[in-house]
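Peer 1: Order-wise, the sequence lines are chains X, P and Z.
So in this note's numbering, spot 291 of the first sequence is number 292, and the numbers just go up one at a time.
So in this note's numbering, spot 82 of the second sequence is number 336, and the numbers just go up one at a time.
So in this note's numbering, spot 50 of the third sequence is number 52, and the numbers just go up one at a time.
Mixed in with the good hints, there may be bad ones.
Unchecked claim - A few chain Z residues facing chain X, derived, Cβ under 10 Å:
id	residue
1	Pro182
2	Tyr185
3	Gln187
4	Ala189
5	Ile191
6	Gly193
7	Ala194
8	Ser195
9	Ala198
10	Tyr202
11	Leu205
Unchecked claim - Here are the computed lysine to any residue pairs in the SDA-like style, where the Cα-Cα straight-line distance is at most 25 Å:
id	chain 1	residue 1	chain 2	residue 2
12	P	Lys555	X	Leu176
13	Z	Lys190	X	Glu101
14	P	Lys555	X	Ile187
15	X	Lys114	Z	Thr199
16	X	Lys183	P	His572
17	X	Lys326	P	Glu428
18	X	Lys351	X	Ser244
19	X	Lys317	P	Gly474
20	X	Lys317	P	Gln580
21	X	Lys317	P	Leu426
22	X	Lys317	P	Gly459
23	Z	Lys190	X	Gly111
Claimed, not checked - DEER-style ranges, computed between Cβ atoms:
id	chain 1	residue 1	chain 2	residue 2	range
24	X	Asp126	P	Thr520	43 to 49 Å
25	X	Ser45	P	Thr594	42 to 48 Å
26	X	Thr327	P	Gly362	37 to 43 Å
27	Z	Leu30	P	Thr281	51 to 57 Å
28	Z	Phe278	P	Arg317	40 to 46 Å
29	X	Pro337	P	Gly362	52 to 58 Å
30	Z	Ile272	P	Arg317	48 to 54 Å
31	Z	Phe278	P	Thr275	28 to 34 Å
32	P	Lys359	X	Asn109	55 to 61 Å
33	X	Ser309	P	Thr281	29 to 35 Å
34	X	Pro337	P	Gln340	34 to 40 Å
35	X	Thr327	P	Lys359	31 to 37 Å
To be clear, the hints were calculated from the coordinates, so they are not data collected in a lab.
We put the beta carbon where it would ideally sit given N, CA and C, even for glycine.
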Amino acid sequence: MAQIEMDGVAHSYLRHPEKDADYAIKTIANIWDDGGAYALLGPSGCGKTTLLNIISGLLTPTRGRVLYNGTDVTALPPEKRNIAQVFQFPVLYDTMTVYENLAFPLRNRGLEKDAIHRRVQEIADILDLTPFLKQKAYGLAADAKQKISLGRGLVRSDVAAILFDEPLTVIDPHLKWHLRRKLKEIHEQLKLTLIYVTHDQMEALTFAEKVVVMYEGEIVQTGTPEDLFENPEHKFVGYFIGSPGMNFLSCRLEGNIAYVNGLGIKLGKQTANAAQKTAGKLEIGIRPKYLEISPRPVENALPAHVKSFEDLGSYKIAAILLDEKTLYARLPEDAPLAAGNVWIVFPPEKTKLYADGRLVK
Amino acid sequence: MENRKMEIVLDGVSKVINGETHLNSITLQLTSGATNVILGHTLAGKTSLLRLMAGLDRPTKGRIFLDGRDVTGLFVRKRSVAMVYQQFINYPSMTVYDNIASPLKMSGLPSADIDRKVRAAAATLHIDRLLDRMPAELSGGQQQRTAIARSLVKDTELLLLDEPLVNLDYKLREELQAELQDIFRARKAIVVYTTTEPSEALMLGGNLVVMDEGRILQTGPTSSVYHHPSTTRVAQVVSDPPINFLPGVVAGGKARLGRDIDIAMTGHLSAVPDGEYAFGVRPNHLFLHAQGAGNVEISVKVELAEINGSETFIHVSHGDLHLVLQEDGIHPRYIGSNITVYANPGCFFVYEKPGRLLASPFGAG
Amino acid sequence: MNKWENNRAWLLTVPVLVIVAFSSIIPLMTVVNYSVQDIFGPGQSLFVGTEMYKNVLRDARLHEALWRQFLFSGLVLLIEIPLGIALALAMPKKGWGVSFSLVVMALPLLIPWNTIGSIWIIFVRPDIGLFGAFVNNVLGIGFDHTARPLDAWITTLLMEIWHWTPLVALLAYAGLRAIPEVYYQAAKIDGASPWATFRYIQLPKMRGVLTIAVLLRFMDSFLIYAEPFVLTGGGPGNSTTFLSIYLVKLALGQFDLGTAGAFSLIYFLIIEILCFVFYQVLKNVGKGTGT
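I would like the entire structure built from these sequences, with the hints used as guidance.
Peer 2: So this is what it looks like as structure tokens:
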């Protein structure tokens, strides 16, 4: 178990980086609490796998330090840092049985046979792998293989943290649930520090207690899933989290009314007050879940036209055209069909204001 | 503009390789005008089916008709078909422009026409500014857009896509799904799209073909299949999160689910005769608070609560029954705590024991 | 994958069939024909049925050559395969060193085989050869490959190893390059020693290329002719008379085409059977491991 701190970490894959764009990671300072379940969320190329490899020691950062419980481990290789990593594709020792795979890290560390046996049984039990222990690892399904990869990390009782690099990539969608649940149970039971890298916001939000959102080499926001959903601090977080992402509209501010195409939308008091002190390009943002559709004109509404209305089983999505811009509204399953010209309503408490991409608050 | 509908018909098509049956007597009719989505788990036979439609493989038994013509014996080059794969397949040594133009170059069109069509396809996929780049310089999403543009440029009769978005980031997938919907609507071709994700199938709409283990389980308009899954297996394949099933015995207007949950067989359930059934209820029809009179209460133990920012998924157990509940909003619950879950019997599906749908909350299918 | 049949494609194979027919099948049939005849001279032959085969089974010198050959091939495999793997492990993975080492490795493979024999004759001469002079004068060992059978064997083996280990090394190197980086990363994290990494990751994943290497080296070494013939002529005495050298002596030297024909076929069969055995063994070693 360990608290992991990143102190001014920056990394470039080029030998002589000069400008900002040369850096895959552009200065990160972050603390991962002991025993926390974190998700590191971001699009492909944002630097999350690089960051994970720096935490695990597979990569040495160009600048900055990595500390475990206050000790500088930046120069230590992975095996000395006592971490475990589960990769995108199941990485197994094909010639060994499941038992031998799980026992391998312990054998390398010179544990006694009895201790190894006990520990392997314990972990196999937690992961529901006990019936497979004598089988060759190669013949099992992808989800069992990933469990074995995970098991190799869990067998080491002093493991500091377990890092996951998009581990559910090769798993069938209907089996992802089981594995996510297993991970959560393990977290509850063993209280290990878990860091989970993914580009899938659903995976990140259901797994983690705290989510770290990355974009172009920087951490853009850290918070609970609820924080990120209700108060995205950066336009990117609004876009990336939530299905569909947040709707944004350029606006002009006068007092506490935001004008979109000449029509006014009242903003919440706090937002409006804070907005007086900001400059820059202003936009209002609202999540599809909170955007309401009304057949009649009401307060805080703009006239628009429904482009399409999709039934997605447990909810519905309306694509709405507002002057060439398409907005989305997410409606409950039994919402009445909306079509043609409607009024879209922006509830003030749920309407956010962004200046130059950052939340005004 | 041609309004004629084209169709591809598979008649008793089977595919057996080395004794293993990959496709078992498939009879299917797919038309242009609406996206045809084939949904199934991996290894259900979707890719095999697509390859047969394309002409890359020959069926062991059965025949294939494209627009009335028997094409079973026809090699792929003689068919009018375009295909997009999961892996972003582009010619690595050609620019994006040449990649998109490649199907046309072999057909002998004048270069002015080719140029026009290539630019139109690129504009549709929003890659018109990348025409002189090489595939290796593009991101995954851009590479797949190039592959899709290449498939569109020739205006083939058949457009096949084999899980084309599965290797893309979640958000890119969302964007492309919306774009593809518009693109497919504008095409005259028969569009066939395979996927393993129910949410993608629902998003694309159109017609749904549910496959499992080499067989077709159900076909029909997507919404209709979703609301009336004809067997328990179809219900499982089409639901994400998975649908909950409770075994029940109906006797004298009442049903006992599991060991101790009693409900009255009213509303759409009243026509169900006595006997043993499987009762299905979707996770979003289980609630943490009573939704009205007539709700059945189930006391359960919480096994896991997952929150994704705007919804909560709670996995619970009642004896040896395991259920999943999906509720809007944030509702943290502790593992091991005892809570009560409410369900409206008006939302239950009833399946006969071998698995056929008997009653659906959405009326007759 | 059940591909379509395109009958026109068969026409494209006609040239190949013609060449194979002329260079392999017709000569093979001729050999079969010889093997059942006793040939006294051109145009004078007597059908003797299986008598030639019986001769073969009785010929003591042939048996000696056979055992010599097995010993030679056995030693070759035992030395070349591990040595090739070791070289492949030592070759650099990145940078300019890669091209450089690949070229250097390939050089011995480019030399015509009889030239190899000539190179080594000079190399081991005690007066002007680097190796011969070094061993005789500096180490004080009286090394003479023309006089002592052991020295002849050592020289032949060294020559063969020098010539062909690069092939094993290049194949093994290709096999190593194909292993995804994540396996090494996982092994590091599991705390595996370099030996464990080799034994559990690299070796199993090289199984495919090593199968090819073993089969190729076995077949070639079992057939070896030009290099030892140039180097020692089969001597001193019979000590390096390997199977093909003996066979050529029989057929062209003694003009005993009948026996030579019979033995050729048996030679052919031995190689076929042993290759099959090797292949099955290697395939089964990897069974259920997906490598």
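Peer 1: Next, verify each hint and record whether it holds.
Peer 2: Hint-by-hint comparison with the structure:
1. Pro182: holds (8 Å)
2. Tyr185: holds (6 Å)
3. Gln187: Holds: closest Cβ of chain X sits about 5 Å from Gln187 (chain Z), inside 10 Å.
4. Ala189: Hint holds; Ala189 (chain Z) Cβ to chain X Cβ min 8 Å, cut 10 Å.
5. Ile191: holds (5 Å)
6. Gly193: Gly193 (chain Z) check passes; min Cβ-Cβ to chain X is 4 Å, inside 10 Å.
7. Ala194: holds (6 Å)
8. Ser195: holds (7 Å)
9. Ala198: holds (7 Å)
10. Tyr202: Hint holds; Tyr202 (chain Z) Cβ to chain X Cβ min 5 Å, cut 10 Å.
11. Leu205: Result: holds, 9 Å to nearest chain X Cβ.
12. P:Lys555 / X:Leu176: holds (22 Å)
13. Z:Lys190 / X:Glu101: holds (17 Å)
14. P:Lys555 / X:Ile187: With Cα atoms ~18 Å apart, Lys555 (chain P) and Ile187 (chain X) stay inside 25 Å; holds.
15. X:Lys114 / Z:Thr199: holds (21 Å)
16. X:Lys183 / P:His572: holds (19 Å)
17. X:Lys326 / P:Glu428: Since the Cα atoms of Lys326 (chain X) and Glu428 (chain P) sit roughly 17 Å apart, the hinted pair holds (cutoff 25 Å).
18. X:Lys351 / X:Ser244: holds (16 Å)
19. X:Lys317 / P:Gly474: OK: Lys317 (chain X) and Gly474 (chain P) at ~20 Å, within 25 Å.
20. X:Lys317 / P:Gln580: holds (15 Å)
21. X:Lys317 / P:Leu426: Given pair Lys317 (chain X), Leu426 (chain P) holds - Cα atoms ~20 Å apart, limit 25 Å.
22. X:Lys317 / P:Gly459: Satisfied, since the Cα-Cα distance of roughly 12 Å is no more than 25 Å.
23. Z:Lys190 / X:Gly111: Roughly 16 Å between the alpha carbons, so the hint for Lys190 (chain Z) and Gly111 (chain X) holds.
24. X:Asp126 / P:Thr520: 43 to 49 Å: holds (46 Å)
25. X:Ser45 / P:Thr594: 42 to 48 Å: holds (43 Å)
26. X:Thr327 / P:Gly362: 37 to 43 Å: Between Thr327 (chain X) and Gly362 (chain P), where Cβ atoms are some 40 Å apart, the hint holds.
27. Z:Leu30 / P:Thr281: 51 to 57 Å: 53 Å Cβ-Cβ, so the 51 to 57 Å window holds.
28. Z:Phe278 / P:Arg317: 40 to 46 Å: Given a distance of about 43 Å, which is inside 40 to 46 Å, the answer is holds.
29. X:Pro337 / P:Gly362: 52 to 58 Å: This hint holds: roughly 54 Å between Cβ atoms.
30. Z:Ile272 / P:Arg317: 48 to 54 Å: Check passed, 52 Å falls within 48 to 54 Å.
31. Z:Phe278 / P:Thr275: 28 to 34 Å: Once the Cβ atoms are compared, 32 Å apart, the range 28 to 34 Å for Thr275 (chain P) and Phe278 (chain Z) holds.
32. P:Lys359 / X:Asn109: 55 to 61 Å: At roughly 57 Å between Cβ atoms, Asn109 (chain X) and Lys359 (chain P) fall inside 55 to 61 Å, so the hint holds.
33. X:Ser309 / P:Thr281: 29 to 35 Å: holds (32 Å)
34. X:Pro337 / P:Gln340: 34 to 40 Å: About 38 Å separates the Cβ atoms of Pro337 (chain X) and Gln340 (chain P), which means 34 to 40 Å holds.
35. X:Thr327 / P:Lys359: 31 to 37 Å: holds (36 Å)
Figure legend: structure checked against the earlier numbered hints; every hint is met.
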